[in-house]
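Participant: Next come the chains, spelled out residue by residue.
Protein chains: 2
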Amino acid sequence: MSSDLLEKLIKDLTVLPGVGKKSAQRMALYLLDKNKNGAKEIASSLSDALENIQRCKSCRMLTTNDQCIVCEDETRDSQCICVVESPSDLLAIESTGGYKGKYYVLMGRLSPLDNLGPDELGIPQLLETIKRDSIKEIILALSSTVEGDATAIFIKDHVENIKVSRISYGIPIGGELEYVDSNTIARSIISRVEINDD
Amino acid sequence: MSSDLLEKLIKDLTVLPGVGKKSAQRMALYLLDKNKNGAKEIASSLSDALENIQRCKSCRMLTTNDQCIVCEDETRDSQCICVVESPSDLLAIESTGGYKGKYYVLMGRLSPLDNLGPDELGIPQLLETIKRDSIKEIILALSSTVEGDATAIFIKDHVENIKVSRISYGIPIGGELEYVDSNTIARSIISRVEINDD
Numbered sequence: 001m002s003s004d005l006l007e008k009l010i011k012d013l014t015v016l017p018g019v020g021k022k023s024a025q026r027m028a029l030y031l032l033d034k035n036k037n038g039a040k041e042i043a044s045s046l047s048d049a050l051e052n053i054q055r056c057k058s059c060r061m062l063t064t065n066d067q068c069i070v071c072e073d074e075t076r077d078s079q080c081i082c083v084v085e086s087p088s089d090l091l092a093i094e095s096t097g098g099y100k101g102k103y104y105v106l107m108g109r110l111s112p113l114d115n116l117g118p119d120e121l122g123i124p125q126l127l128e129t130i131k132r133d134s135i136k137e138i139i140l141a142l143s144s145t146v147e148g149d150a151t152a153i154f155i156k157d158h159v160e161n162i163k164v165s166r167i168s169y170g171i172p173i174g175g176e177l178e179y180v181d182s183n184t185i186a187r188s189i190i191s192r193v194e195i196n197d198d
Numbered sequence: 199m200s201s202d203l204l205e206k207l208i209k210d211l212t213v214l215p216g217v218g219k220k221s222a223q224r225m226a227l228y229l230l231d232k233n234k235n236g237a238k239e240i241a242s243s244l245s246d247a248l249e250n251i252q253r254c255k256s257c258r259m260l261t262t263n264d265q266c267i268v269c270e271d272e273t274r275d276s277q278c279i280c281v282v283e284s285p286s287d288l289l290a291i292e293s294t295g296g297y298k299g300k301y302y303v304l305m306g307r308l309s310p311l312d313n314l315g316p317d318e319l320g321i322p323q324l325l326e327t328i329k330r331d332s333i334k335e336i337i338l339a340l341s342s343t344v345e346g347d348a349t350a351i352f353i354k355d356h357v358e359n360i361k362v363s364r365i366s367y368g369i370p371i372g373g374e375l376e377y378v379d380s381n382t383i384a385r386s387i388i389s390r391v392e393i394n395d396d
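Chains as they are written, first to last, in the working numbering: chain P, 1 to 198; chain U, 199 to 396.
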């Protein structure tokens, strides 16, 4: 209906995660009808980002320079490396402000069915970095799934004489038990921590 | 974190309806990391649409030409006009395939608090069209809200000797009574229709 350009815009917007045909139509009409400036901004920042954003040479995070801000930051502990699955996981950890080491972004997790092996995840480069920079601790902040577990075990098996840890899994802070799924509760019981007297 | 361009893209994406900071971040990282082609398509079709899409001279629908496809279509009943609030309402009615008349898009509804009066909604132009084209029926397909009702009454009061109808409100087809809100049920009882024997 109405115009091919509108149809095409709606179709293109449906590639966005979580956006179906109805939401795409709502977005397209909103942009063209109510917020042309916003639409211009989106078009131009998308083009800019596509042209200029690349992978960080050291940690594979998205960046505009050769190295990302974290890798360039010399005040951070360069002997601790936190391995995450995606740029959004890195941003989530950064937003806590509590971690002061470096990162390594796998851009996925081991999944042979999707043709994601160690090479696609840059694991050889990670192992090289670990040797070269004499890393002392690797924190695996991977998702709690079969593939996440497999990736963690694979990395653990390929390093020697280094402390390898995993982030803890359990009940979310502030979460009420009755609303937490049974797998998480089971996991939190298995990983229970003894309370000391001190 | 990471890069100004990424930050800007995320911020720009939050203008989209229903998109907050988390979804915008997910969209931006998905586009830059997993679907660069999709991102290019969105950027270019947004720019194309912004440059070329305008309002139809006759019905105010979005279109690439002077007149939209519906207004140009001479097989459609030009003596019946369906008044809608927005381009998406028009598309929704068109998608049923059941309506063969013309349209008029108000781009809003009467709302003095938002500075939306008859002039902003193009009601003078609508009344002119009604006279000039000797329209026989006006179907008001406006939302069932206070403003929608006010808009309907305003239009009804400004035309003479023409059949003015409103779309019916009631229980959705296939909807189960227990899941329908009480206002809709109350309305459907008030607008009950007698069953005839024929």
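Rather than coming from a laboratory, the hints here were simulated on the basis of the structure. The reader is advised that the hints may include incorrect statements.
Taking lysine-lysine and the DSS-like style, the derived pairs with C-alpha atoms no more than 25 Å apart in a straight line are [as the list claims (entries may be wrong)]:
hint, chain 1, residue 1, chain 2, residue 2
1, U, Lys298, U, Lys354
2, U, Lys206, P, Lys40
3, U, Lys298, P, Lys40
4, P, Lys21, U, Lys232
5, P, Lys100, P, Lys136
6, P, Lys11, U, Lys354
7, U, Lys209, P, Lys40
8, P, Lys136, P, Lys57
9, U, Lys219, U, Lys255
10, U, Lys298, U, Lys255
11, U, Lys238, U, Lys255
12, P, Lys163, P, Lys136
13, P, Lys40, U, Lys329
14, U, Lys255, P, Lys40
All of these numbers come straight from a predicted model, not from anything done at the bench.
Participant: Give a verdict on every hint.
Facilitator: Now the hints, each set against the structure:
1. U/Lys298 x U/Lys354: 22 Å, holds
2. U/Lys206 x P/Lys40: 13 Å, holds
3. U/Lys298 x P/Lys40: 35 Å, violated
4. P/Lys21 x U/Lys232: 20 Å, holds
5. P/Lys100 x P/Lys136: 14 Å, holds
6. P/Lys11 x U/Lys354: 38 Å, violated
7. U/Lys209 x P/Lys40: Holds, at roughly 13 Å.
8. P/Lys136 x P/Lys57: 21 Å, holds
9. U/Lys219 x U/Lys255: Violated - the C-alpha atoms of U/Lys255 and U/Lys219 are around 38 Å apart, more than 25 Å.
10. U/Lys298 x U/Lys255: 19 Å, holds
11. U/Lys238 x U/Lys255: Violated, at about 31 Å.
12. P/Lys163 x P/Lys136: Satisfied, since the Cα-Cα distance of roughly 6 Å is no more than 25 Å.
13. P/Lys40 x U/Lys329: 39 Å, violated
14. U/Lys255 x P/Lys40: 24 Å, holds
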